[in-house]
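Here numbering that gives the first Met the number 0 is used: position 72 in the sequence shown is 71, and no number is missing along the way.
Just so you know, the hints here were simulated from the structure itself, not pulled from any lab data.
What you are looking at is a predicted structure, and each value in this text was computed from that prediction instead of being measured.
C-beta atoms are modelled at their ideal positions from N, C-alpha and C, and glycine is treated no differently.
It is possible that part of the hints are untrue.
[Stated by the list, open to error] Below, in silico cross-link-like pairs of lysine to any residue (SDA-like), each with a Cα-Cα straight-line distance of 20 Å or less:
id, residue 1, residue 2
1, Lys114, Ala50
2, Lys19, Tyr6
3, Lys114, Trp61
4, Lys114, Asp46
5, Lys178, Asp127
6, Lys178, Glu99
7, Lys19, Leu34
8, Lys114, Ala125
9, Lys178, Ile153
10, Lys178, Ser168
[Said to hold, decoys possible] Simulated DEER-style distance windows between Cβ atoms:
id, residue 1, residue 2, range
11, Gly173, Asp5, 48 to 54 Å
12, Ala43, Thr102, 25 to 31 Å
13, Gly173, Asp96, 23 to 29 Å
14, Glu139, Asp5, 43 to 49 Å
15, Gly138, Ala39, 32 to 38 Å
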Amino acid sequence: MAHLQDYLALIPSANRDKPKFRAVIEALAQPFVDLHNALASIPAAFDVDQAIGVQLDQVGRWAGLSREVLIPLTGIYFTLDEETLGFDQGVWKQPFDPTEGVTRLDDDTYRLLLKTKIRANHWDGAPDSMAEMLNAIFGEGTHVFVQDNGDMSITVGIAGQIPHAAFLSLLTRGDLALKPEGVRVAYSYRARA
0 MAHLQDYLAL IPSANRDKPK FRAVIEALAQ PFVDLHNALA SIPAAFDVDQ AIGVQLDQVG
60 RWAGLSREVL IPLTGIYFTL DEETLGFDQG VWKQPFDPTE GVTRLDDDTY RLLLKTKIRA
120 NHWDGAPDSM AEMLNAIFGE GTHVFVQDNG DMSITVGIAG QIPHAAFLSL LTRGDLALKP
180 EGVRVAYSYR ARA
């Protein structure tokens with residue numbers, strides 16, 4: 000970080016005691032000090048660990064992941080499979096009613112997904128590192144297992160606490176690109192009883 004005093008210390012001794020000369024140097028040097036400090040703060044403002052709001056949105060554009068995520072609408076439409084969505088509780092789905100809705104992720108969740116997307120962009124394609132990345136997203140209480148089936152397909156198993164619908168939607172729709180090219184991926188979820 001630049002300081003005006005660093006530049007004022009460079010004034011020759013013959014002019015140090017001249018207040019008008021010092022004032023001119025201060026007036027000329029201060030804009031450059033401010034500019035230097037503003038330019039030095041830009042990398043931190045767009046660092047994925049420190050960015051917030053609009054800056055984090057720009058990091059997302061660079062990484063290729065939007066803050067707005069399509070998630071499946073659950074717990075709304077009538078079904079006989081759930082007690083709370085029976086005849087008088089659930090909404091009857093009409094032909095043009097949506098099955099997915101858009102949600103806007105908060106900064107912390109978006110930052111976590113961006114870190115995973117950035118790691119996915121540099122992923123080596125190994126199943127072990129895929130499991131590490133997914134475990135980093137889902138956190139404690141959720142365990143991810145990746146099994147290579149040997150027939151150009153893998154199975155990703157998620158056990159324990161089932162993650163938020165936004166995470167699952169990004170994963171199953173392929174937005175995180177955690178899939179070796181030419182390999183089919185099947186996802187299996189199992190909630191902790």
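Okay, the hints, checked on the actual structure:
no. : hint                       : result
1   : Lys114 / Ala50             : 12 Å, holds
2   : Lys19 / Tyr6               : 16 Å, holds
3   : Lys114 / Trp61             : 12 Å, holds
4   : Lys114 / Asp46             : 11 Å, holds
5   : Lys178 / Asp127            : 12 Å, holds
6   : Lys178 / Glu99             : 23 Å, violated
7   : Lys19 / Leu34              : 24 Å, violated
8   : Lys114 / Ala125            : 18 Å, holds
9   : Lys178 / Ile153            : 9 Å, holds
10  : Lys178 / Ser168            : 15 Å, holds
11  : Gly173 / Asp5: 48 to 54 Å  : 52 Å, holds
12  : Ala43 / Thr102: 25 to 31 Å : 28 Å, holds
13  : Gly173 / Asp96: 23 to 29 Å : 25 Å, holds
14  : Glu139 / Asp5: 43 to 49 Å  : 47 Å, holds
15  : Gly138 / Ala39: 32 to 38 Å : 34 Å, holds
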